[in-house]
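From first to last, the protein sequence lines stand for chains A and B. With numbering that gives the first Met the number 0 applied, the first sequence corresponds to residues 0 to 329, in that order. With numbering that gives the first Met the number 0 applied, the second sequence corresponds to residues 0 to 329, in that order.
Check each hint, because a few of them may be wrong.
Chain A regions said to be covered by chain B (calculated; three or more residues, Cβ under 8 Å) [stated by the list, open to error]:
| no. | segment |
| --- | --- |
| 1 | 97-108 |
| 2 | 264-275 |
Here's a subset of chain A near chain B, in silico, CB distances under 7 Å, partners left out [claimed, not checked]:
| no. | residue |
| --- | --- |
| 3 | Gly53 |
| 4 | Pro126 |
| 5 | Leu251 |
| 6 | Gly290 |
20 Å max Cα-Cα, derived SDA-like pairs, lysine to any residue [stated by the list, open to error]:
| no. | chain 1 | residue 1 | chain 2 | residue 2 |
| --- | --- | --- | --- | --- |
| 7 | B | Lys1 | A | Arg87 |
| 8 | A | Lys1 | A | Glu320 |
| 9 | B | Lys1 | A | Trp329 |
Please keep in mind that the hints were generated in silico from the structure rather than gathered at the bench. Every residue gets a Cβ at the ideal spot worked out from N, C-alpha and C, and that includes glycine.
Number of protein chains: 2
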Amino acid sequence: MKVRDLPTPALVVEREPLAHNLDFLSRALPGSRLRPHVKAHKCTALARLQAARGHVSFTCATIREMEGMARAGLGEDLLLANEVLDARRLATLDARVTVAVDSPETVAAAARDGVREVLVDVNVGLPRCGCAPSDAGRIADLARAAGLSVRGVMGYEGQVVGLADRAARIAGVDASMELLRRAHADVGGPVVSVGGTGTWDLHRDATEIQAGSYALMDTAYEKLALPFRPALFLLATVISTSAGWAVADAGLKSLGMDHGPPSIDGARVWFCSDEHVTFAAAPGTAGPRTGDRIRLRPAHVDPTVAYHERIHLVDGEDVLETWEVDLRGW
Amino acid sequence: MKVRDLPTPALVVEREPLAHNLDFLSRALPGSRLRPHVKAHKCTALARLQAARGHVSFTCATIREMEGMARAGLGEDLLLANEVLDARRLATLDARVTVAVDSPETVAAAARDGVREVLVDVNVGLPRCGCAPSDAGRIADLARAAGLSVRGVMGYEGQVVGLADRAARIAGVDASMELLRRAHADVGGPVVSVGGTGTWDLHRDATEIQAGSYALMDTAYEKLALPFRPALFLLATVISTSAGWAVADAGLKSLGMDHGPPSIDGARVWFCSDEHVTFAAAPGTAGPRTGDRIRLRPAHVDPTVAYHERIHLVDGEDVLETWEVDLRGW
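When you get a sec, could you build the whole thing from the sequences and use the hints?
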């Protein structure tokens, strides 16, 4: 199949930058040093490419992602890096399952529902999940008393990963990891699981990095001058042109919008509607014609992918494979 | 099933406000005066409730919506209120199919692919699809010359529907409809199809109103003081609490964010992450506890629903029915 034959909107991944991104981080963080986060791509087909490069421990954000990875035979070491109060669906998976806990309630749910291994999730600065660093030892004690094996700690410096200034990211990581170090001393266990695409090379003490966006990238991460290349595009068809603007058939239902609108090379995006993007060609350039295909670069990969049933792997004009986005939902 | 047994995040619709919204607009715009837009709910189960109230002509935004409605036996009069350059999937539907056209290219695609009926889509002020009003007669002539039946005109005053001030909406509708009236004089045909939830009662000359959001509503439309009640909620579980904030398990992948973050009664939303919302209880109120269920009100219904596989119809603590969101995708 050819790219021009794909119905639009269609999510496409370019083979070469994807391979570059996967290969680059595999060399920098070989084997279990990288625990790829599947939430960014939600594709077991793409996770297989990561596993083929030696990464057999994965990070998930939802129970559905855990189930899908186990079903795909990718369950050697799955971390649910998120708190849950009903873990029953996890206990029956054909996989090694580790769950994040940060409270007596999440410890009790894991123990009650048959989970065996946990990480203590420590808040290192982002106002989200994670216990206070000073409380981590107590949570670990509770977990062990409940019969759970505590593998170590997890801390996500989400307030830092997106900072465009590298020096600021370094300072932020150091501050966050100082908090995590103290918590880890109280918790014990071999694992220190941290980070993301924006901080992949800024950790000294962590045993593993939870990067996900590096594989596909988006315009928010492009601002950080990372060694990863844009690999994900949303293909759309120009369906209407007017004096001063044009409209293509990709909009709010095919793009995560929390980081802002998508980008189009050589054009300015005016706004998105449910199924439309209105844009204007750069001054002095030929305007698009009805029927033209255009490519949008999403601002945020994760919620963009979550809207789509499939991703097409392409090389130039050829569609090489079509992957089901099989880890969607909850 | 009880609401407390639903895994979260879960989209729920309350029976009573939904019935109010459907009944109210059915009385105000009976039968074919209302052409409900299915893009807002993407559920044939909900479309059936609209059909049971006498509305058997529907509006769609995508070919997939047209296919799903036809397959569900709701194809008596389906309008694709959008431009397409490949209409092959429409020609084989077991339904009466009408497609919007606004250019020689979209006319040619409809004629080539076996569509029989069209509306001329006229731009009435929103920089999106639609031909210039002065060009509408030419597009209609092209369509008739290509063997298509021209049912009339369509114009969407999208620049007006969301204005909070009613007087401003009235003035905007009047200006838009003056443009559409002139175009209709050149085009002919019995149909003048316009509008949306924000302007449902502001049209004098239209033959039908394309309202969709009125059934479920969202916080953006709530600002307009319309006679429709909030019926859609996103149910979430508090999975983590800290000094000053709490986190529930609903985020960017379960909420359309282009109109801003969701609302939580009695709390202030700080931000959303992929699978989380961080919020703080109102000062002086008891903070949420881990395990509590909360309800979020989405800011924009359409892209919220598009993330979900199902919607649960509830009445108090009872889950009455579970509907598949079966019109998703393209």
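How the hints compare with the structure:
1. 97-108: Result for this restraint: holds, n = 4.
2. 264-275: holds (count 6)
3. Gly53: Violated, because the Cβ-Cβ distance from A/Gly53 to chain B comes to roughly 26 Å (cut-off 7 Å).
4. Pro126: With Cβ-Cβ at 5 Å, under 7 Å, it holds.
5. Leu251: holds (4 Å)
6. Gly290: Interface hint status for A/Gly290: holds (5 Å vs cutoff 7 Å).
7. B/Lys1 / A/Arg87: holds (18 Å)
8. A/Lys1 / A/Glu320: holds (11 Å)
9. B/Lys1 / A/Trp329: Given pair B/Lys1, A/Trp329 holds - Cα atoms ~18 Å apart, limit 20 Å.
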